[in-house]
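Since the structure of chain A is already known, use the hints to place chain B on it.
Protein sequence lines, in the order shown, are assigned to chains A and B.
Terminal number for the first sequence in the numbering used here: 154, no gaps in between.
Terminal number for the second sequence in the numbering used here: 1122, no gaps in between.
Derived by calculation from the structure, the hints in this document are not laboratory data.
Do not take every clue at face value.
Across the chosen pairs, the derived CB separations fall in these ranges [unchecked claim]:
#, chain 1, residue 1, chain 2, residue 2, range
1, B, Phe-1028, A, Pro-30, 26 to 32 Å
2, A, Gly-151, B, Ala-1071, 32 to 38 Å
3, B, Trp-1091, A, Met-1, 46 to 52 Å
4, A, Asp-75, B, His-1048, 19 to 25 Å
On the chain B side, residues computed to face chain A include the following (Cβ under 7 Å) [unchecked claim]:
#, residue
5, Ala-1019
6, Tyr-1022
7, Tyr-1065
8, Leu-1087
9, Pro-1098
Just so you know, even glycine gets a beta-carbon here, dropped at the ideal spot from N, CA and C.
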Amino acid sequence: MPTALLIVHGLVAVALLGAITHQVLATWAPVHNRFGSVFSRFRAVPAASFANAVILLYAVSACLGGLVYLYFRVDIRPGLEQAGQWSALGLFDLKEHFVAIGAALLPAYWISWQRPLSDERPRTSAALTLILAFVVWWSFLIGHVVNNIRGFGL
Amino acid sequence: MTSSPLFCRFASAYGTSFAVFYVVALKFDLALFTVYPSLGVVLLGTHHPTDAADPAVGFVAPAMYWYGWVATAALAALMTGLIAVALPARWAKGGVWPVIVWVAPVAAMIACVCLTLPWFRL
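Bound-form chain A, shown alone (with noise of 0.2 Å):
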């Protein structure tokens, strides 16, 4: 059970990675020629278009995080502690707090990317999709690491 929704955690913060780097670079270093390079065309996408899948991709990827937790608890952390694996350890702390301040942020992101009306509201969006892409990249690289941290020799 640990390990199927491990996988499948993975596998929706893959789907959440793309979205959200799409939205940030669309947002970030927009081009409007859709025939160019093949990352030309990757920022070419209509940033506004993605809020709704990276709220509902983040909600469900949090949610199984949620649970694998529980598990990470009580079978993999005593391990980590043991071997003296501290700064994993801190690291994996952070991208529980990142994602938490993160999931909060969502209705605000997600109302930012409705309601474009006033001079404000693209840098408050902008500057929303940046945490959330900088909260999404560092659980999914930290996730990972932890995951796999015996293949990194640590």
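The following block gives chain B in isolation, referenced to the frame of chain A:
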């Protein structure tokens, strides 16, 4: 509801205050409840196994506070959001709110890094 100014005000206040209250809950260890996953027990409030039993209990029945910290911050942020909705509209207008809604979470994340630094000195 989606385009309601009230929901907009609630969402901004909720996200901002959650970040602040989460750091407070983390700093002062204010978990609304404590989870003991190996025992399948949830206790109201913050409970440290070492408070009432041998420190070794912490290895046999590890306690989890993260869910409790999130619940504490979510409850406090919910109340702040409702207060923000109840405030007169003219108080909610102004140039600083769209900035605070993303500055507060960034500041909270930096505070979390500072509070986690001891892990890296072990």
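Which of the stated hints cannot be reconciled with the structure, identified by number in ascending sequence? Hints 1, 7 and 8 are the ones this structure does not satisfy, whereas the remaining hints hold.
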